[in-house]
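In the order they appear, the protein sequences are chains A and B.
The numbering of the first sequence is this note's numbering, which starts it at 5 and goes up by one.
The numbering of the second sequence is this note's numbering, which starts it at 8 and goes up by one.
Each hint can be trusted.
Simulated coverage check for chain B against chain A, where a stretch passes if three residues somewhere in it have a Cβ under 8 Å from a Cβ of chain A: (1) 11 to 23; (2) 28 to 36; (3) 40 to 51.
Examples of chain A residues toward chain B, derived with CB under 10 Å: (4) Gln111; (5) Thr249; (6) Gly254; (7) Gln258.
Derived from the structure by calculation, the hints contain no laboratory data.
It should be emphasised that the depicted structure is a prediction, and the values quoted were computed from it without experimental measurement.
Virtual Cβ for every residue (Gly too), placed ideally from N, Cα, C.
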Amino acid sequence: MGRISSLALGIVTAVGGFVDMGELVTCSQAGAQYQFSLLWTVVVGVLGIMVYADMSGRVAITSGRTLVDIIRERLGWRIATISLVVATLVNVLTIVIEISGMALVLQIVTGLSYIWWIVPAGIVIGGVLWFSSFKLIENGASLLGLGILVFVVAAIKLGPSWGNVASQMILPNIPSGSSLPAYLFAAVSLLGAFMTPYELYFYSSGAIEERWTGNDFITNRVTTVVGFTFGSLIVICMMVVSAQTFFIHGVKSQLFASIPVPIVASLGIGGLAVFAFGGLADTGGAALESTLSSAYTIAQFFGWDWGQDHNPRQAPGFVFTYLVALLVAVIIALTGFDPVKLTIYTTALAAFSLPFTFIPLFIVANDRTYMGDARNGTLTNIACIFFLIVLSIVTIATIPLFILSGGGGG
Amino acid sequence: MAKLAGAVLLAVLALWILSGIRTQSSVGTQQATVQAQQTAIARPAPTPTP
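Sequences are here, hints too, so could you generate the full structure?
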């Protein structure tokens with residue numbers, strides 16, 4: 005494939021794959037409860053994931069090795085084990101919520117409880133992982149997930165004050181009567197949704213799977229910056245859509261089935277069909293990626309053969325890991341714990357855990373031994389330190405905010 | 008190993024069926040809530056108090 009078409013595909017898949025269950029739930033609730041006053045989290049979260057994803061790709065390109073591998077070698081088994089345990093917990097819970105997301109979309113379409121769809125969704129995810137190549141998984145779901153652009157169309161149709169939207173991204177105006185702990189906990193969940201750890205491990209492993217070399221630094225930079233920028237426009241529109249319908253009518257949106265209500269109101273049943281298609285592909289794609297991410301981290305930590313393009317017999321530990329992760333996730337999902345609540349808690353946990361991934365990555369990305377001339381520049385380091393400070397505050401504040409807000413309820 | 012796998016699969020099947028039956032009754036309630044939300048947002052938006 006030519007360089008330009010490869011770049012274009014990378015950007016499009018970054019856009020289509022940006023949204024998952026975390027964004028669907030947290031952005032819809034944020035818009036319904038706080039109108040535009042949590043849009044600033046999109047700016048912080050997307051800039052943060054751009055910086056760290058770019059670093060993750062550079063580390064993989066320069067060293068030819070994955071994040072987990074280098075963290076274990078550079079920082080030792082203890083630090084790497086802590087990172088692994090935290091990442092695995094978040095990864096498995098992410099698989100739970102993404103499979104639940106697939107099932108909830110099917111509940112909206114069929115009227116059958118989402119529980120009936122959990123096992124079929126798990127079987128489909130397992131089958132796709134068993135039979136498909138990395139490229140098909142990465143590109144297929146993301147391209148199909150572009151249906152989620154229906155939120156952009158709906159936002160334009162609903163005609164908010166775009167000046168107010170833009171100004172609140174910098175200077176939020178918290179609605180009067182809002183509980184501050186609940187508002188801040190919602191912010192934590194949003195940041196966790198935008199910067200989920202599985203994205204970094206998947207991106208880093210993907211760079212190795214696709215055999216990126218020094219010629220791909222530009223691909224890495226353009227994919228992360230341009231792709232995530234366009235992806236952020238979708239989540240902004242998701243909050244706007246929810247704000248322009250639920251918030252102004254004083255309607256609380258706590259169900260997953262409420263998420264497409266503004267789409268139906270502005271675009272009719274055709275909009276619902278596009279949402280269902282895009283939502284299923286996005287949550288399915290995220291389920292695939294988070295399952296792979298679980299297997300990548302564990303296999304790379306123990307030094308097993310790994311890789312989606314391996315024949316399953318060539319990487320039995322890797323394949324066994326993703327099958328077990330998927331089975332555990334399906335069992336947790338089948339308990340019927342409210343998937344919307346679980347999504348909010350999982351994204352908050354992801355935000356809490358980010359320093360355990362970002363700090364080791366930051367250290368490696370500055371190490372001349374591994375990075376040579378591709379190590380972080382001054383501007384990148386300033387950005388990284390800023391985000392690390394923000395994330396450290398988030399990590400310290402997550403549990404107190406969870407308690408003070410009554411589990412995010414306010 | 009095969010017996011263990013069989014036991015796990017049976018347990019998953021039982022959990023699936025029991026959870027499915029338990030949650031199916033709430034789908035109607037959720038659909039009613041969504042319809043109420045659709046009705047609420049179809050009304051003109053309240054005018055903000057000056």
